[in-house]
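**Q** One-letter residues, chain by chain:
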Amino acid sequence: MGISISAAGSLFNRAKNRTAEIDGEFLLKVFAVGLVALPLFLFVLYPLIHILGRSFQTADGLGLENYITVLGTRRFFLLLYNSFAVTLLTTGITVFLAYGFAFATQRTRVPGKNVFRLIALIPLFAPSLVQAQGLLLLMGRNGIINRTFGTEYSIYGFWGIVISSVLYVFPYAFLIFSASLAAADNRLYESSRILGAGPFRTFMTVTLPSTRFAVMAATFVVFTLVITDFGNPMVVGGDYNVLATEVYNQVIGQANFELGTVIGMVLLLPVAAAVAIEKVLNKNHYGLLSEHATPMVIEPHHLRDGFFAVYVTLICLCILAVLGIVIFASFTHLWPYRLDFSLRHYAFDVQNGIQPLYNSIYTGLMAAGIGVTATGLAAYVTERFNTFFDTPLYFLCIVPAAVPGMVLGLGYIMAFNNPSNPVYAIYGSLLLIAICNVYYYHAQGFLIASTSMKQISSTYDEASAILGGTFIRTVRKITLPLMWPTLLGVAVFFFMRSMVTLSAVIFLMTPSTQVAAVSVLLLEDRGAVNQAAAFSVCIMAVVVSVLLVARILLNTFGHRHISLIR
Amino acid sequence: MSLEIRNTSKFFGRLKALDNVSLQVESGSLVCFLGPSGCGKTTLLRVISGLLQPDEGVLFLDGRNLLSVPARKRNFGMVFQSYSLFPNMTIAANVAYGLESRKWQKSDIAERVKEILFLVHLEDQALKYPHQLSGGQQQRVALARALAPKPSMLLLDEPLSALDAKVREELRDEIKTLQNQLRITTIMVTHDQEEALTLSDKLVVMCDGKIIQEGSPMDVYQNPANSFVARFIGRMNVLPASTGIPYSRNGHTKGAVPNLLGIRPEHVYLTTNADSESVFKGTVMLIRRLGNLTRVILRLDHIQNGKGPIRITAEMPGQADGLMIGHTRYVSMPPPFVRILEWE
Amino acid sequence: MSMKTISKSLLCFFFGFALIVGFAISETRASEITVYTSYEEDEAAAFLAAMQKDLPDIKVNLLRLSTGDLHARMLAESANPRHDVIWGWAVTNMVDPRILSMLESYRPKGIEKVPARFRDPQNRWFAKTGYMAAFCVNNEILEKKNLPMPASWEDLLKPEFKGEVVMPNPASSGTGYLQIASILQLKGEEDGWQYLKELDKNIAQYIKSGSRPCNVASAGEFAVGASFALRAIKNIDEGYPITMVIPAEGAGNELEATALMKTSKNKAAAKRFIDWTLSENAVNEYYKWKEIVTVSGGNMPVSFIEAGLPEDIGSVMVDMDFSWSAANRDRILKEWQTQLER
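Protein chains in written order, with the working numbering: chain A, 713 to 1278; chain B, 18 to 361; chain C, 885 to 1226.
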């Protein structure tokens, strides 16, 4: 609810009263709406329009030629089939496994839950292709397993992509399920038991229905992540190509922007559809939990707890094995022939040396700053101004969720590498990479901020207004002090994603702005396995340190409940 | 400070939350807006506070147009149902907030905070945080915070409804005492008729965005304008006029033949034998003994409305020993107490 | 709230923003140039170190991308190129008319040392180094699986190598393209394509980069990686159990050219840099790293010879027709993509 809606309200709301004075506060609000909307237009919609335009651009003017060229080939349908095969299977497996894992940590008495929980989230701290990296070291034709057992199993291709993708997206699904399963009304479970339902029936009739939105959300999130990921398929796919790698190859490898944009648009469709469906289905499920809900009481149950203990241990072992082998390989002299300890891969005697890591950190800090400002402001404007613009602005804020990173990156080149565009001033700088990351992850950051904003009663703003507080004073004295832990969380979120993301920035890097995640891809791509591993380890170390510092900060000020890992 | 609301309307989409409301609030009085939820009483309060802008109509404060003044400049105090104390500030800082906003001197602020906390008996809680206080204490802080800047008017939005019954009564008395002491013009929104009756100088009964009746609590209680008010405030037996119950026309002169009549249960008398006044024979259906008072519901065997025999509620002091379900009693309804009600 | 407070906070915001932007822009200094290259990372780093000794006042921002990647990027940025110099990039790609139109004619100091057939008649580019195809063969796997040491492209057709050979994707990799171009030139197009189709049955993967086939063979993932000589030599140096095999039919090769961009904003520094690439120090450095150097002087390092490179490399090299390779690049790649790409 706005502060002093009297002034702004009469013009913003449908109003017959025009007597209101237009004071500074009203102008400030218009300005704030503009401050939220304009960058979104500039950094999300404008590049998308460029991509769309470019996909219709042919040698002789606008036309469908590019689409006909791409859609008319057998190869395209093969890639489409491959993409969907990998994505659907990965989504199914991940949703199933992550649900079980979340169930184990929220609804059973498995010991050491926090440790398991943390392990499940570790993949978030590493560049997205680290799973494929580890998988190759572990299960490649000359990986540890084949070497140890003398087998000749080959991981390249379909199953390699599926396994590494499952590991990559597992924590995303787990987080969604974990949040959903944490909210439970014990009364429902008691009534179910009193009515004589067994554990399985209770699960089917109470637990599953109450988490159906989470199942949907996780399905769509996982689907989107997998179908647009090219890091893992590139490393472990071998000759098994998918649409995402094809965009990368068409554009980076073959300078074929037109065809790249066409596939980009094709990729945009299922993702946009997935996001749209999820938003529509989820629209009215606030307050799933009634106010009178009582917290869950979990009774010990040996069989169940034993089963889930084994289950989470196995999954954690898989995650740890894949990440652990990367860390291990980075410290060996010459993988896989000389496994004695060596730090030589940390010398980074490659061109640019360790600089990409510093670039990443700097970019991450900028992305955190810009991201927290942009999404915090966006959340404030949409939650508290109560203007006509709320709904369109909200939509605009979550649009980026439907844009694959590589499509956004491609759009940036096309839109901004042009001296007549004012953004050109920062083209080729880390700032633009930071901005690109912010708007790529804008939807998630915005949702974190606005959820937290919703939880802060709007009557604080009203009370402040009645007590004579101005907009700025309210924000400074009340909103910010109440929001800072969440905002710190949002900042950490942007930093973390910025450190590990690959898809958008790969199109934007220049000699002086190479970032660490791209270094990993390039090193891995040219086969420098040990050094790529060492770079991945450095990225993980930075992310974990930042998380630790933020955690300590929050705990010191008594905000244990704020979760940092999203 | 007197407030005048003239022809004010407010829409939420197609819903008419306020429908051409006009009202006068006298300086120094305590006015209660009473009505069921959704009747528009809170909307009206928010329009007065400046948190909402009306779509039609004007507001005057001592003859000055209020509409062009934003909420933060109206110098009103407001207490919310949910306390709304700033959780990141101490009690003292909460109370001082409005003073700082209004640029009081530092020393004056300290003094005023002390003074006002003393007034609500919380002087020793100044350095605590809101979550360390009980609900009743928090609401007293909210009251102190609203009063601290010496507002020209105090607005209370269901201030007591989140509290336990006992605390509610205490705080209700405290508000009354404070209001008397400070002679501050006060508007309180409530859905609790007992609260409204005991507190207010003037009662404003609202329904569907309209003011149904206004007047002193006694007046509204004794002479409800229609069956809605009659049922909402206290209890009243509402009977069709066609039953032939005698009534007096005192006050109500308009309308040739009334449709509905009403009588409060405490004015319904029961006797064991028929006499000249007790002409309606009834059967006791239900007896509720409430300690100091007994409520009896009877079926009037010979008086029908469309659906069957009419039921009537009577209240009598004491325990009504000996009265049992199924007993026959004769009912008397003295005409001076029988009111003419307009249709809802 | 007063207008003053608003304007104050706005000012703060914009100053902060301007500061960040300013910081980002100020990175361009006067004697700073941006150079795009496809030299391998390690060799580029070595050349650059030598250059920095001779030209300490020039700061070089170096972007290293594989041949095809660089091609894509330069075309993408053609509206407004970011770089001043292209350094060590496949001639076959350099002669793309879209690229040529971006280049400025320039005769660097000492250009006469480069034989005329290694330079553009219009002086838009010159090539001073090159690289040649070679197989990296993993000894450990040969032993374990009892495979014969392949000596030629023909040997790779043997059924026992099924699933053991990896090769670069010619569409993205310069090395990959020179390999199939050399085969087509050696065998003639008809037989060449026939051979490639036969070879396809044994190929485990077409890999996007030219050095990675050697690296995965070195890591023991596959027995044979078709790559280029330098990578094999360096990996042997590293200690990997591999053998470098120069195909008996002759090694395909590619020249790496250097050029000045018309759009360079710092031509003085760019020209000094290009002049340096033909200096004696530079040439000496080339001889330490490159199997092919078009400028005379210097000797082949011992490690090259130990790895199996003949001192007279001309004897093992295919006499490539670069103009044919360049002119037919699009057609060949298209054919390869329809016939063989997976």
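Just to be clear, a hint being listed does not mean it is correct.
Said to hold, decoys possible - Here are the computed lysine to aspartate or glutamate pairs in the EDC-like style, where the Cα-Cα straight-line distance is at most 16 Å: (1) C:1046 to C:1084; (2) C:1085 to A:1095; (3) A:1166 to A:1095; (4) C:993 to C:1195; (5) C:1155 to C:916; (6) C:1118 to A:1061; (7) C:993 to C:1225; (8) B:219 to B:21; (9) C:1118 to C:1133; (10) B:33 to B:72; (11) C:1028 to A:951; (12) B:183 to B:218; (13) C:1118 to C:925; (14) C:1081 to C:925; (15) C:1085 to C:1225; (16) C:1046 to A:1061; (17) C:1029 to A:1095; (18) A:1189 to B:117.
The hints are simulated quantities; they were obtained by calculation from the structure and are not laboratory data. Because the structure is a prediction, the values reported are computed rather than measured.
**Q** Against each hint, give a clear statement of whether it holds in the structure.
**A** So, going through the hints one by one against the coordinates:
The straight-line distance between the Cα atoms of residue 1046 of chain C and residue 1084 of chain C is roughly 9 Å, inside the 16 Å bound, and the hint therefore holds. Between the alpha carbons of residue 1085 of chain C and residue 1095 of chain A the distance comes to roughly 61 Å, so the proposed pair goes past 16 Å and is violated. Between the alpha carbons of residue 1166 of chain A and residue 1095 of chain A the distance comes to roughly 7 Å, so the proposed pair stays at or under 16 Å and holds. Between residue 993 of chain C and residue 1195 of chain C, the direct Cα distance comes to roughly 29 Å. Violation of the 16 Å bound is thereby established for this hinted pair.
A threshold of 16 Å between alpha carbons decides the hint, and for residue 1155 of chain C with residue 916 of chain C the separation of about 12 Å falls inside it, so the pair holds. In summary, the hint linking residue 1118 of chain C to residue 1061 of chain A is supported, as the alpha carbons are separated by about 14 Å, within the 16 Å threshold. With a C-alpha separation of about 44 Å, the suggested pairing of residue 993 of chain C with residue 1225 of chain C is violated against the 16 Å cut-off. Restraint check for residue 219 of chain B and residue 21 of chain B: satisfied, since their Cα atoms lie roughly 14 Å apart, inside the 16 Å limit.
A distance of roughly 23 Å separates the Cα atoms of residue 1118 of chain C and residue 1133 of chain C; the hinted pair therefore is violated under the 16 Å criterion. Restraint check for residue 33 of chain B and residue 72 of chain B: the C-alpha separation of about 10 Å stays at or below 16 Å, so the hint holds. Simply put, residue 1028 of chain C and residue 951 of chain A have alpha-carbon atoms about 25 Å apart, too far for the 16 Å limit, and the pair is violated. Restraint check for residue 183 of chain B and residue 218 of chain B: not satisfied, since their Cα atoms lie roughly 23 Å apart, outside the 16 Å limit.
At roughly 12 Å between alpha-carbon atoms, residue 1118 of chain C and residue 925 of chain C fall within 16 Å of each other, so this suggested pair holds. Among the hinted pairs, residue 1081 of chain C with residue 925 of chain C is inconsistent with the structure: their alpha-carbon atoms are about 33 Å apart, more than 16 Å. Note on residue 1085 of chain C and residue 1225 of chain C: the hinted pairing holds, with a Cα-Cα distance of about 12 Å set against a maximum of 16 Å. Among the hinted pairs, residue 1046 of chain C with residue 1061 of chain A is inconsistent with the structure: their alpha-carbon atoms are about 36 Å apart, more than 16 Å.
At most 16 Å may separate the alpha-carbon atoms for a hinted pair to count; residue 1029 of chain C and residue 1095 of chain A exceed this at roughly 67 Å. With a C-alpha separation of about 11 Å, the suggested pair residue 1189 of chain A and residue 117 of chain B falls inside the 16 Å cut-off, and the hint holds.
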